[in-house]
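**Student:** If you're matching them up, the sequences are chains A and B in order.
When you line the first sequence up against the numbering used here, it's residues 755 to 1019, in that order.
When you line the second sequence up against the numbering used here, it's residues -7 to 311, in that order.
If you are wondering where the hints come from, they were derived from the structure by calculation, not from laboratory data.
What you are looking at is a predicted structure, and each value in this text was computed from that prediction instead of being measured.
Among the hints, erroneous ones may be present.
Capping the alpha-carbon separation at 25 Å, the derived lysine-lysine pairs in DSS-like fashion look like this [unchecked claim]: (1) A:K851 - A:K787; (2) B:K105 - B:K126; (3) B:K126 - A:K784; (4) B:K101 - B:K114; (5) B:K215 - A:K787; (6) A:K930 - A:K784; (7) B:K101 - A:K784; (8) A:K851 - B:K126; (9) B:K126 - A:K787; (10) B:K101 - A:K787; (11) A:K784 - B:K215; (12) B:K23 - B:K114; (13) A:K930 - A:K851; (14) B:K204 - B:K215; (15) B:K62 - B:K215.
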Amino acid sequence: MTTATPPLTHVGPGLAVRHGLALAGRAIIKIRKNPESLLDVTLQPIIFLLLFVYLFGGALQGSSDAYLQVLLPGLMVQNIAFASLGTGMALNTDITKGVFDRFRSMPIARSAPLIGAVLGDVVRFVTTLTVLFVVATIMGFRVQTDPGRFLIAIALMIAFGLCLCWVSVFVGMLVKSPQAVPGTLVAFVFPLTFGSNVFVSSSTMPGWLQAWVDINPVTHLTNAGRGLLLGGDWVGDAAWAFLWAIAIAAVFFPLALRAYRRRVG
Amino acid sequence: MSYAIEAEGLVKRFGSTLALDGVDLAVPTGKILGVLGPNGAGKTTAVRVLATLLRADEGWARVGGYDVVKDATAVRGVIGLTGQYASIDEDLSGTENLVLIGKLLGLSKAAAKARAAELLAKFELSDAASRSIKTYSGGMRRRADLAASLVGRPDVLYLDEPTTGLDPHSRNEVWGTVRALVDDGVTVLLTTQYLEEADQLADLITVIDHGKVIATGTPHELKRRTGGQSLQVRPTLAVDVPAVAGILRDLTDTEPLVDADNGVLSVPVDNPLLLSTLVRRLDEVGITADELALRLPSLDEVFLTLTGHTAPVHEGSLA
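Assemble the whole structure, with the sequences as input and the hints as a guide.
**Tutor:** Shown next, in the form of structure tokens:
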């Protein structure tokens, strides 16, 4: 039983992605077997949608119907951000399991389990966007543009979520227990998503807050989403949102990988 | 002799605890090394270092000729690991687990499926192949775990307490599998708390206690090194017991131990030639014996001698 192939001494990025995809497949099988793990990305968006539209719609936009149109693209962005919180929590639980020892004792890329977890979260993103979109459509939301732009909007939001996941993975590798992950990340996700133009226009805010809202990637992505779903300019905002996403990933992917290595030895 | 596993001076600290205190190990290619020791002796830590899961603070180790730190990826390419706790995904089925591992090892989807089916059949898990691991019994889990370790046809296999908590039937199955693997040329490092397991399986035994190697050798050598032999006689007729006791006393100057329940007399000896003398003496007086043997001490006695404490209490399944 001697191996004829020369020893593997280094696992390149191409193989890392392949390993990551195989492990994403594992994550998806697990979701299929435990559908209740999707509760946070199904129930919460519905509650947010109903609550904000009927509670604030009349006061903010004159009518619930009008508010629904401007709110939905932003709510999609917000729920993507919330959905990305789950990655760190799930990984924090996962690394304590015996199966992680097996992955680590195999000749696969060190980053593969992380990449797999993040890619597997595409299912959660698609779920949360679908739930939001279906419920909003029942409530009266209508896309004003074409299917092409609709798909660009969805793709941008998922890409943003994939990049944001690395923040969650980083925190997930730093804190001891999985329960501490959402608690820590709320301090990050709340200012990020509420400190934006998702719910209200920034014109009535104090100057310092306006300054933040104007550079916030959530604001840019929301603007791009409104342009893509309702009509209007979107390219500039989409570019800003995309750059932000890349920057977040560029900072937090290495940090997450380092924290992971430190955590698992 | 070529060694599949070599380690020298391994030291590992966890805070103020010294888990490994200068451990040396050497396993010749194609042999089974039994690492024997009580709970917390450092066995699992040693396996984790050799499996590249932990980095030793001091010392070096080579597996399959590769350094566990410098060539960690190459080491991972030749090893298989079966952990103390099942290293498979509880939520996934047997097939799904093995296919995933096959894919991670670079097999195509079809090849991974074929390999999974082959291994599941070999471990008599075909009927349960599509069920989640969490529905498996303890023995089935161990078998699935072992199957998972073999997907990549490893040259070196680590089995960390592979039979802990198994019933005797499942334990025998695991033992059979391990023997078959070694017949195929696989080198096995097996940790165990069970002396019987080490005695049954291992070509070599290393006894670890408090992070230190306290003895190494073949089971036979260890038994010889740590205790004298004993001469055991069971006369055919119970009435002959006093007479046999007299002969034994005469030969060894020691008062023999008499087990009244089964009529066995035993006495410690240091000269194996006494056996033939005893046979002659019994012949002369016309006493026949059903059982007449020179025995090495059991590994339990060896363990006691080496560690100064008795072997861990055997769980019901292995008592």
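**Student:** Next step is simple, just say for each hint if it's right about the structure.
**Tutor:** Going down the list of hints, with the structure as the test:
At most 25 Å may separate the alpha-carbon atoms for a hinted pair to count; A:K851 and A:K787 meet this at roughly 18 Å. In summary, the hint linking B:K105 to B:K126 is supported, as the alpha carbons are separated by about 21 Å, within the 25 Å threshold. Our distance criterion of 25 Å between C-alpha atoms is met by B:K126 and A:K784, whose separation comes to about 13 Å. Simply put, B:K101 and B:K114 have alpha-carbon atoms about 20 Å apart, close enough for the 25 Å limit, and the pair holds.
With a C-alpha separation of about 52 Å, the suggested pairing of B:K215 with A:K787 is violated against the 25 Å cut-off. Between A:K930 and A:K784 the CA atoms are separated by roughly 23 Å; this keeps the pair inside 25 Å, and the hint holds. Between B:K101 and A:K784 the alpha-carbon distance is near 19 Å, which keeps this suggested pair within the 25 Å criterion. Taking the CA atoms of A:K851 and B:K126, the gap is about 13 Å. The hint holds against a cut of 25 Å.
Of the pairs offered as hints, the one joining B:K126 and A:K787 holds, with about 12 Å between alpha carbons and a cut-off of 25 Å not exceeded. Taking the CA atoms of B:K101 and A:K787, the gap is near 21 Å; set against the 25 Å cutoff, the hint holds. Restraint check for A:K784 and B:K215: the C-alpha separation of about 50 Å exceeds 25 Å, so the hint is violated. A C-alpha spacing of about 22 Å is found between B:K23 and B:K114, which places the hinted pair at or below 25 Å, so the restraint holds.
Using a Cα cut-off of 25 Å, the hinted pair A:K930 and A:K851 holds, with the two alpha carbons roughly 14 Å apart. A distance of roughly 19 Å separates the Cα atoms of B:K204 and B:K215; the hinted pair therefore holds under the 25 Å criterion. Straight-line distance between C-alpha atoms of B:K62 and B:K215 comes to about 38 Å, which puts the hinted pair past the 25 Å bound.
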